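> Okay, here's what each chain looks like letter by letter:
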Amino acid sequence: MIGVGWFIPEYLLLAGAFVALFAEWLFGRDNAGAAVGAVTATLAALAAVLIGVREPAFSGGLLELDQVAVTVRVAIAVLSAVYLLWLAARGTAPERSREAAALVMLAALGGMLMVSARDLMVLFISIELATMPAYVLMGYRRDDARSLEGALKYFLLSMTTSLVMLYGFSFLFAIAGSTSFARIATAPDAGLLGGFAALFVFVGLFAKMSAAPFHFWAPDAYAGAPAASVAFVSTVPKLAGAAVMVRLAAVLVPGAPSLLAMFVIASLASMVLGNLAAFPQSDIRRLMAYSGVAHTGYMLLALSAGTASGNAAAVFYTIAYAVPSMAIMLIAAEEGSELDDFAGLAARRPAIAWVSVVFLLSLVGVPPMIGMFGKLMLFTAALEAGRLALVIVAVIMSVVSAGYYFRILRAAFFADGSSEPSVPLSLSSTVAIGILAIATLGIGVFTGPLFRLLTAGF
Amino acid sequence: MLLSAIVLLPLAGAVVSALVPKDRGDIARWIAAVVTAVDLALVVFVALRFDVGAGMQFVENVAWVPQFGISYHLGVDGISITMLALSALLSLVAVVASWNMKTKPAAYFAMLLLLEVGMNGVFLALDFVLFYVFWELVLVPMYFLIGTWGGPRKEYASIKFFLYTLFGSVFMLIGIIALYLQTGTFDMTAMVGAGLSESFQWWVFAAFFLGFAVKVPIFPLHTWLPDAHVEAPTAASVLLAGILLKMGTYGFIRIALPILPHAANQWAPFITALAAISIVYGAALAFAQTDLKKLVAYSSVSHMGFVMLGIASGTVEGLNGAIAVMFSHGVVTGLLFLIVGMVYERTHTRMIQDVSGLSNQVPVAGGLLAFASFASLGLPGLSGFVGEFLTLLGAWKSDVPAVWVVIAAIGVLLAAAYTLSMVQRVILGTPSPIVSKITDLTVREVSLLVPLVVLTLVVGLYWNSLLRFTDPAVARIVELLAGA
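So the sequence lines, in the order shown, correspond to chains C and H.
Going by this note's numbering, the first residue of the first sequence is number 1, and it counts up by one from there.
Going by this note's numbering, the first residue of the second sequence is number 1, and it counts up by one from there.
Be careful, since some hints might not be right.
[Stated by the list, open to error] Incomplete in silico selection of chain C near chain H, CB under 8 Å:
(1) 18
(2) 27
(3) 30
(4) 179
(5) 376
(6) 399
(7) 402
(8) 403
(9) 442
Calculated directly from the structure, the hints in this document are not laboratory data.
It should be emphasised that the depicted structure is a prediction, and the values quoted were computed from it without experimental measurement.
For each residue, glycine too, the CB sits at the ideal point set by N, CA and C.
Throw the hints in and build the complete structure from the sequences for me.
Laid out in structure tokens, this is it:
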């Protein structure tokens, strides 16, 4: 079969997930599962780079590896590998980590299929594959009622919006007579029905990306979950989600131009609500949940441009969000997820404190970190499309965001706290956070190649 | 490569000194001293090799993000070399002034060096993205310098400083992107004379105005300044007043005037009015202060008003004067903050009534403070006079409403009033109980001040030492303004 081998990264992750489940039995140690996962995901990332852009003939057009798919595929695999490396050192206290490692790999697999999907059914199945593990990860503390409540809320809302999305898919099928993206894109204009179809599809995606006004599950779900789970669930699936949004927008906007207005409204609501609501939070998980809402808003701003450069900027920006966000949540998983737990961080772990400066400033959009280049590109795309008012809101909101991100820095640097390390030192968890720091700084300085790949894809 | 070395050497120094073990702060300070001294030597070398008649020199231009037209583009002209020299000099002064820093010295000197990277970079960058990178880079070390090593209200002052400046600079970013969308490049030199439409220029100027005006600061965007200056440690105050404020006015001269000349002419009356208000308002507030550091801080608002007055005039005299005030204010305010800091180290108070009678008890400190005060109020023969005179002359010659120039001139009188009243209360008179117990400046302290004193004299007596660099560059900008 032609091209079956081009999905080696996915096979690797699937195999890795099964091996991880039996890690204790195979290797005698629970955290060996995550270590297996880190190696597998690294190999998957390497394979995805080597395979590059392909059109697998065997899939009959159901899957395609274009430049965007390849870039996001690699990003998902790399971030998952870093996450698993961290997990191997720290575990998902207080529960077993081998199941978490397996779930992470399955979610990564789902995400990688999402970005390659060229068909509604494949897309739906891979979205479910990517989200199912997330429900379990969010409810990982079985004895914690808040964790279960958050996970249940997430599960119910996610299921509901999945069904709304599926309903939209059924409309699209009715209009085009096919579930293939290519056929849907060339289907005759269906007027109002087409508009509703697009609306339903994107309501589902907004909820998965925690865009306002479908964001309200996120703060509760995150605040209940272990910070280590939030680090993964709030970042990696969003990479796939952004790529899917971009792809579906490219398919649906020509038939339903009102979608762009919808992006504008969701973007405005997400930026304003997310940033203002993040301000008073004292739980880092809630704070980052709202900041995630805000960053989805920036991403939608790029999407609302409806141009190739806007689409590229949306994907780029999501990567620029995911890397530092994951790092901050990993640090919160080590230090404790209350703002007060960060007090005195600079005294007890200066290196971690200084890299969190890099992460938080990147989220604000201060150069030379990756976040500033993301913002530069998305503002450029949005201004090109004439969205001046929205860009002004966006920049004012990014100043507001500096206010709450700096609350974390203030706690870390200026507040007095315990000077005894809160967790035992671990080389591999520090390496994981270090890789994220280098990526945050390095991709910023070497923005050119990554963005060239993404623009080539649209 | 020379300019890259000037920018990147402090970065390497910052990384190395951040890695110095906590208990070996003395290594960090030596690293910082050597790096800033070598950097200053490089800048002096560039200045000596500099051809005053030619335009941009020592240019380095490498593609960075080619598909966006972003490049790593550095260069110096007569305006930037002046500011670069000031930046390198005050960085060295700041390091030596902090020689006895006991609290987290490794991190402290790393922050000072990182600050120098941003400051030098801003004055050398000829690409907008690069400029923005350096512009924002400055905020981070300054935030930590104020927030970690500052006074009692350091946390409030540091975040206020950060958010105010960030607020201005994000609007500048919109302006930068708008320019890019019109011209297809981020290269500043390529944008000069790009034939931008008049209404477009007006709006982009507005965006840049917000970014630069917060930094200068121009009334009514100045309220972050007194907090930041008063709470900052001495070395940070020196750099904040000496260099960071100049980044705003440098932005006007380097970017807003040449690229948006038509808008600059349109905005000139408005800026003149705000400049005159800044001069008088800053002077009046300085008059009312009882804290020496606050007095110097508000006098900075007043002095930066003269810079804006010169910039808004759009004349050769005015712009030369503006740069002269920028240079002189950097040196003289540096002197003032240093001496106030040295007095504070001995008395632990900055209240004017507590530190009276300096000249009787500590004649060297008192004498130098008097000298710096006279330079600050614009006494002819010292550097402060050059710029104030030229900016007023330029503003008078230009088309801006004369009433604002008259108001600005009143500011000169007010400067004399608040400075002399301070001199009378602090330097003359019988020593206060606190002052009567202190000792005079040490050799290290005096040797730190002497170069700045010499510069004040040289520029004040021989104006051309400064103006020969700036004049050709200024003439080109004035030509652009006249053509718009």
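> Broken hints, numbered, in rising order?
Numbers 1, 2, 3, 4, 9, in rising order.
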